[in-house]
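Q: Sequence:
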Amino acid sequence: MKKLLRDKKRFLNKYWRDLISIFSLILTMIGFFLAVHVYNKDVRPVIENSELYQQIEELKEQKKEVDGYVNTKLKEIEDYEIQIGQIKSEKSLLESENEELESELIKSYRNYYLDITYLEIKQEELLSIRSSESFNIDVKQVALDFLQDQDPQESPKQKGLKQAKDYIKKYITPKSDYIDIISYEIKDIEEEMSKTD
Numbered sequence: 004m005k006k007l008l009r010d011k012k013r014f015l016n017k018y019w020r021d022l023i024s025i026f027s028l029i030l031t032m033i034g035f036f037l038a039v040h041v042y043n044k045d046v047r048p049v050i051e052n053s054e055l056y057q058q059i060e061e062l063k064e065q066k067k068e069v070d071g072y073v074n075t076k077l078k079e080i081e082d083y084e085i086q087i088g089q090i091k092s093e094k095s096l097l098e099s100e101n102e103e104l105e106s107e108l109i110k111s112y113r114n115y116y117l118d119i120t121y122l123e124i125k126q127e128e129l130l131s132i133r134s135s136e137s138f139n140i141d142v143k144q145v146a147l148d149f150l151q152d153q154d155p156q157e158s159p160k161q162k163g164l165k166q167a168k169d170y171i172k173k174y175i176t177p178k179s180d181y182i183d184i185i186s187y188e189i190k191d192i193e194e195e196m197s198k199t200d
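All residue numbers for the sequence shown refer to the numbering used here, where the first residue is 4 and numbers rise by one.
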């Protein structure tokens, strides 16, 4: 009997505890919904119409604009960095090409000087040949040949003039022309070098 009473009492205590818990939960939910309703109806309009709230909203808009401006500038900086990298690469390539051109220019100068030296030597050789005794002896030999081989049908004067002209045409003129050609080549090379300077 006592055990039944204890069980009944324990059951009632548990029942009332559960009932009170449910009732408290219902009251809490009602209080929450009432608080939200009061906030939306009375408190929120007051807050939204307040000067402080307007300032906060303006600051939020300004922050959005500033964030957009900052992002735009960051993107521009990235683009500039890419362009700077390309410019550095092009600069390195141009410096490499410039070194190659300088090397080629040095080689060209060297070749010009070698050509001039060679032509000057040849010019001196030809001038020395032109003024040498053997060159003059050849002219005298024409006169001796003329005296030894006279044609009765042709006057000595005519035959001598003819042989002299043939000799000049065959030997003297080509050498003189060659000397002049070398002189012109030296002059052309010197003009080209003055242009490159």
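The set of hints was computed from the structure by calculation and includes no laboratory data.
Think of the CB as a built atom: it goes at the ideal place given N, C-alpha and C, for glycine as much as any other residue.
Keep in mind that a hint or two might mislead.
In silico DSBU-like links for lysine-lysine, alpha-carbon gap of 30 Å or less [unchecked claim]:
#	residue 1	residue 2
1	67	78
2	110	91
3	110	94
4	94	66
5	66	78
6	78	94
7	76	66
8	63	44
9	110	125
10	63	76
11	91	78
Estimated spans, in silico, between C-beta atoms of each pair [said to hold, decoys possible]:
#	residue 1	residue 2	range
12	96	121	52 to 60 Å
13	62	28	35 to 43 Å
14	77	117	21 to 29 Å
15	56	90	36 to 44 Å
16	22	74	52 to 60 Å
17	65	44	29 to 37 Å
18	74	27	26 to 34 Å
19	90	55	19 to 27 Å
20	71	107	50 to 58 Å
Q: State for each hint whether it applies.
A: Cross-check of the supplied hints:
1. 67 with 78: 16 Å, holds
2. 110 with 91: Roughly 29 Å separates the two Cα atoms, so the pair holds.
3. 110 with 94: The hint holds at about 24 Å.
4. 94 with 66: 41 Å, violated
5. 66 with 78: Holds, because 18 Å separates the two Cα atoms, which is no more than 30 Å.
6. 78 with 94: Between residue 78 and residue 94 the Cα gap is close to 24 Å, so the pair holds against 30 Å.
7. 76 with 66: 15 Å, holds
8. 63 with 44: This hinted pair holds, its Cα atoms lying about 24 Å apart.
9. 110 with 125: Given that 30 Å is the threshold and the Cα spacing comes to 22 Å, the pair holds.
10. 63 with 76: 20 Å, holds
11. 91 with 78: 20 Å, holds
12. 96 with 121: 52 to 60 Å: 37 Å, violated
13. 62 with 28: 35 to 43 Å: Cβ of residue 62 to Cβ of residue 28: about 40 Å, so the range 35 to 43 Å holds.
14. 77 with 117: 21 to 29 Å: 60 Å, violated
15. 56 with 90: 36 to 44 Å: 51 Å, violated
16. 22 with 74: 52 to 60 Å: 59 Å, holds
17. 65 with 44: 29 to 37 Å: Holds - the Cβ-Cβ distance for residue 65 and residue 44, about 30 Å, lies within 29 to 37 Å.
18. 74 with 27: 26 to 34 Å: Given about 51 Å between the Cβ atoms, the range is violated.
19. 90 with 55: 19 to 27 Å: Violated, at about 51 Å.
20. 71 with 107: 50 to 58 Å: The hinted range 50 to 58 Å holds for residue 71 and residue 107, with Cβ atoms some 53 Å apart.
In the structure shown, a violation is registered for the earlier hints numbered 4, 12, 14, 15, 18, 19, in ascending order.
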